[in-house]
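Visitor: Below, each chain spelled out in residue letters.
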Amino acid sequence: QVQLQESGPGLVKPSETLSLTCTVSGGSISSYQWTWIRQPPGKGLEWIGYIYYSGTTNYNPSLKSRVTISLDTSKNQFSLNLSSVTAADTAVYYCARPCGSYRKDAFDIWGQGTLVTVSS
Amino acid sequence: QSALTQPASVSGSPGQSITISCTGTSSDVGGYNYVSWYQHHPGKAPKLMIYDVTNRPSGVSNRFSGSKSGNTASLTISGLQAEDEADYYCSSFTSRSTVVFGGGTKLTVL
Numbered sequence: 134q135v136q137l138q139e140s141g142p143g144l145v146k147p148s149e150t151l152s153l154t155c156t157v158s159g160g161s162i163s164s165y166q167w168t169w170i171r172q173p174p175g176k177g178l179e180w181i182g183y184i185y186y187s188g189t190t191n192y193n194p195s196l197k198s199r200v201t202i203s204l205d206t207s208k209n210q211f212s213l214n215l216s217s218v219t220a221a222d223t224a225v226y227y228c229a230r231p232c233g234s235y236r237k238d239a240f241d242i243w244g245q246g247t248l249v250t251v252s253s
Numbered sequence: 041q042s043a044l045t046q047p048a049s050v051s052g053s054p055g056q057s058i059t060i061s062c063t064g065t066s067s068d069v070g071g072y073n074y075v076s077w078y079q080h081h082p083g084k085a086p087k088l089m090i091y092d093v094t095n096r097p098s099g100v101s102n103r104f105s106g107s108k109s110g111n112t113a114s115l116t117i118s119g120l121q122a123e124d125e126a127d128y129y130c131s132s133f134t135s136r137s138t139v140v141f142g143g144g145t146k147l148t149v150l
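Chain order of the listed sequences is C and Z.
Residue numbers for the first sequence follow the working numbering, beginning at 134 and rising by one.
Residue numbers for the second sequence follow the working numbering, beginning at 41 and rising by one.
Chain Z with its partners taken away, still in its complex shape:
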């Protein structure tokens, strides 16, 4: 299974909004509303930020939101804060009943 496609890096200034895209196929992102997003600080375990395209787990800031159109899902972070600087990964359930991750996007807060 091929990894989902994410931009290698994005950046933004504090207070701004950024969007990270995640492109797959009709066998994964486009076929199911089972897209998740993870925040990963180096040396720590990844943290689930969004699941089922738009849902936030308890405790996750409402500055994080998700959406999907066709084979592309997106994560938007509004009101960017220094602590948001991290790697972000999308994932999707697939037609083989497996899970595929994106290549990851490094977010830099300027």
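Chain C with its partners taken away, still in its complex shape:
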């Protein structure tokens, strides 16, 4: 059974880069559009973007200038970098996988989520 686990700093200073890693266990990272989603405190879910195992990416237009998602197949991991963060980037960050290898939506596997706070 595939499981996802986010890891990374829980506190990031304003203007710096937020970096998180999602480790995929119980299955291969090959295939699927590996996705990052976040939820600011008291707000709704926001789709950040995905990376396909081939390296193809697609990002939320509102975050595109600051987001990079990358893949490390040797470690079965994918990562999120979000640059020039502000307090508005404080959120619980989830990694997720869609329910089909050809799909970009319908996420049936999620990590537990990790809270990242942006503060000096």
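None of these hints come from the bench; they were simulated from the model.
Note that CB positions come from ideal geometry on N, CA and C, so glycine has one too.
Heads up, some of the hints might be wrong.
[Stated by the list, open to error] For each label pair, taking beta carbons as the anchor points, the in silico distance ranges come out as: (1) Z:Gly55 - C:Ser207: 51 to 59 Å; (2) Z:Pro82 - C:Gln136: 20 to 28 Å; (3) Z:Pro82 - C:Pro147: 46 to 54 Å; (4) Z:Ala48 - C:Lys208: 37 to 45 Å.
Starting from the structure of chain C, add chain Z where the hints point.
Guide: Chain Z alone, transformed into the frame defined by chain C:
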């Protein structure tokens, strides 16, 4: 991309049925049969309840059902139970090959 529009809250008594709406545009909800619904209990990961407008993943109760008309999708929960109390989010695939979520609806079981 703008978030899909959901009511902020809905409520119902045990045993009753409730419906949550999710309104988008022809570039997302209206343009594709790729609407999903998630149940989210605070502190837990969201759970996929409906995908492709009407399909239930294995293990999801048949009390949950989905539909769509034009640019508006709906989630209906019948035979409401206390454990259904949670936040519910819709999402849709979009014409930009991205995904957009709704603002979320808090379901209260009275």
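Visitor: Mind listing which of the numbered hints don't hold for this structure, in increasing order?
Guide: 3
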